[in-house]
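Novice: The residues making up each chain are set out below.
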Amino acid sequence: MDLLGNLALGLSTALTPENLLWCFVGVLLGTLVGVLPGIGPTATIAMLLPITFSFEPVTALIMLAGIYYGAQYGGSTTAILLNLPGESSSAVTAIDGHEMAKRGRAGPALATAAIGSFVAGTVGTLVLVLFAPPLARTALQFGPPENFSLVVLGLVFSIALARGSAIKALAMVMLGLLFGTVGADLATATPRFTFGIRELFSGINFVSVAVGMFGIAEILRNLENERTRSTVVQAVKGLMLTRADARRIVAPVLRGTALGSVLGVLPGGGHILASFASYSVEKRVSKRPETFGHGAIEGVAGPESANNAAAQTSFIPLLTLGLPAHPVMALMVGAFIIQGITPGPNVIREEPALFWGLIVSMWIGNLFLVMLNLPLIGIWVRMIRIRYNVLFPAIVVFAAIGTLSLALNPFDVYAIAFFGILGYALIKLGCEPAPLLLGFVLGPLLEQHLRRALTISQGDPSVFITRPISLVLLIAAALALLFAVLPSIRRKREVVFQEEE
Amino acid sequence: MQQRAIRDVLAGLIFVAFGAAFAITAASYEVGSALRMGPGYFPIMVGGLTVFFGVLVIAKGILVGESGEVGEIPWRAIALVLGAVLFFGFTVRGLGLVPAIFVTALMSSFASRTTTLKAGPLIAAGLTILCVLVFVVALRLRLPLFGPWLGA
Chain H
1 MDLLGNLALG LSTALTPENL LWCFVGVLLG TLVGVLPGIG PTATIAMLLP ITFSFEPVTA
61 LIMLAGIYYG AQYGGSTTAI LLNLPGESSS AVTAIDGHEM AKRGRAGPAL ATAAIGSFVA
121 GTVGTLVLVL FAPPLARTAL QFGPPENFSL VVLGLVFSIA LARGSAIKAL AMVMLGLLFG
181 TVGADLATAT PRFTFGIREL FSGINFVSVA VGMFGIAEIL RNLENERTRS TVVQAVKGLM
241 LTRADARRIV APVLRGTALG SVLGVLPGGG HILASFASYS VEKRVSKRPE TFGHGAIEGV
301 AGPESANNAA AQTSFIPLLT LGLPAHPVMA LMVGAFIIQG ITPGPNVIRE EPALFWGLIV
361 SMWIGNLFLV MLNLPLIGIW VRMIRIRYNV LFPAIVVFAA IGTLSLALNP FDVYAIAFFG
421 ILGYALIKLG CEPAPLLLGF VLGPLLEQHL RRALTISQGD PSVFITRPIS LVLLIAAALA
481 LLFAVLPSIR RKREVVFQEE E
Chain A
1 MQQRAIRDVL AGLIFVAFGA AFAITAASYE VGSALRMGPG YFPIMVGGLT VFFGVLVIAK
61 GILVGESGEV GEIPWRAIAL VLGAVLFFGF TVRGLGLVPA IFVTALMSSF ASRTTTLKAG
121 PLIAAGLTIL CVLVFVVALR LRLPLFGPWL GA
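Chains H and A, in that order, give the protein sequences. All residue numbers for the first sequence refer to my numbering, where the first residue is 1 and numbers rise by one. All residue numbers for the second sequence refer to my numbering, where the first residue is 1 and numbers rise by one.
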């Protein structure tokens, strides 16, 4: 096959000076928000999305993707040095990584995280190259019933992998679907839930939803009880791994990469699950499980590789099915749409330069990250000293201007306040915001596919179970739902997630 | 009602309220049939499901009641941060970017109790300069620096 030709096309796209520059800016920003607690990649990408409006589509996506996997990387630095996971997926890294740092082995821990991440990023990108095209070809044959069932499956997965109560997550998805219906109805152009306000005819802007639920709500959470962070960091010396260390991390890195590559494809936060799963696997196969929690290098190597591999492969459902695996990918859907491209199986055929350019840029971005992270460790550590009372007003202002600049519509700014307070209330009441955002983004698709499928079948709903692919997808969704609701499995999951607290 | 159930009950009520509001509003649109769905069909269906799951959340809260208390609510931060965002939306066209950004940043910086009276204006001034550089100089956002309300 012309895989080499495709990769060459990708290389020539990713290596233009402009794309290289923005890839670099993206991973730099990503590392920064990964390092800074209190601001995550979801809020950052939501805020910066409007800025990328004026870019070429491929440049915009390269930069936004860079922020995402850069943040996975940056989160591990603070997890190791300060026991402050900047990202939820690096919470596991903190367990043994920070123990290593306390024993004066911060250097090897950081090096392990960097090497593991790079290996995983490379393999994850390869998996993407190998599996995305055939999957996209399969998805191209899907009709409306299959697409409907696929979206249902995606939404159910986002519930199954969300933390906390599954019923609440289901209700959040439904609420998201409802907000997604605001605006002119696609089929009949009837304005819905607009209350005569013209600004609402085009619907609620998803940037407002994302910035409100992930940016503003998070700020309010952090202002509940303000603590001053301790920023005492010992100097990091000696990044080199000893020969014994190197031998110990080979197998965990490979296992973590494999686990992450598989789990990353699952919708709903596979990268967080991947790092937790990898940690428990390493602990189980280890000959010295008692060293875990006391600075076992395997406990850094495995999870770090897993979350980075998952970060790469979580692009697979987005690029091949148009199905976002988690909130960041939902924002990427938005980035595609802003650029006038519908994400899904057509992208690979109609925009090959964009598709392959984006993939190749991820590998280049991973290379940047290794070069950035290790030598500049001192700078990243100093970044943590940025006080939160300077950081959060900046987030508020950037969120407001960024959202306004999208369409110069003040209504989009008011919507931030609405979703900020709604998101804060719901999070405080134990509901995760991610399913709502996914429901919001996927709602219009779900309705469209439902209508088309039922029109084709003359209004007969059995079309969803008589078409084999659709049936399989729905059975998978039902199993995932069962998995999420069954109390015995839930309890085990809670245990896994509890270590995160 | 048990104290412990309060979070589930409140969350459930939010779902029921939104679900019902959407479903009732949608009932005034053309509903249509499964074959030819009107604009009201999907929202009524999903609104009904939202109410259903909201009721389940409430029921589970009352019967099982495993969630904790609501905890502290930072009223001052909520008022200042949301106020800042709304202020920006209302005034950016009239006042122009510079005053709108400055006041927005000032209001939100005082949402934190650790910000001193001296630090607030400094943070706001710094952010205003940064935002003008990023959005006006670099990204050429087409909004006036000082707006018509100020006679500019």
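Hints should not be assumed to be uniformly reliable.
Stated by the list, open to error - Interface residues of chain H toward chain A, partial, derived using beta-carbon atoms under 7 Å:
1. T188
2. L406
3. N409
Stated by the list, open to error - Using C-beta positions, here's what the derived DEER-type ranges look like:
4. A:L145 x H:R385: 30 to 40 Å
5. H:A187 x A:L63: 34 to 44 Å
6. H:L140 x A:A34: 23 to 33 Å
7. A:A34 x H:G164: 27 to 37 Å
Hints were generated in silico from the structure; no laboratory data involved. Keep in mind that this is a model prediction, so the values were computed, not measured. The C-beta atom is built at its ideal place from N, Cα and C for all residues, glycine as well.
Novice: Against each hint, give a clear statement of whether it holds in the structure.
Specialist: Quick rundown of the hints versus the structure:
1. For the restraint placing T188 (chain H) at the interface with chain A, the shortest Cβ-Cβ distance is roughly 5 Å, inside the 7 Å limit, so the hint holds.
2. Against a cut-off of 7 Å between C-beta atoms, the interface hint on L406 (chain H) is violated, since the closest Cβ of chain A lies about 11 Å away.
3. Checking N409 (chain H) against chain A: minimum C-beta separation of about 9 Å lies over 7 Å; hint violated.
4. Between L145 (chain A) and R385 (chain H) the C-beta distance comes to about 32 Å, which sits within the given range of 30 to 40 Å.
5. A187 (chain H) and L63 (chain A) have their C-beta atoms about 41 Å apart, which keeps the hinted 34 to 44 Å range intact.
6. Evaluation of the 23 to 33 Å hint for L140 (chain H) and A34 (chain A) yields a pass: the beta carbon distance comes to about 27 Å.
7. A beta carbon spacing of about 34 Å between A34 (chain A) and G164 (chain H) agrees with the range 27 to 37 Å that was offered as a hint.
Of the numbered hints stated above, those contradicted by the structure are hints 2, 3, listed in ascending order.
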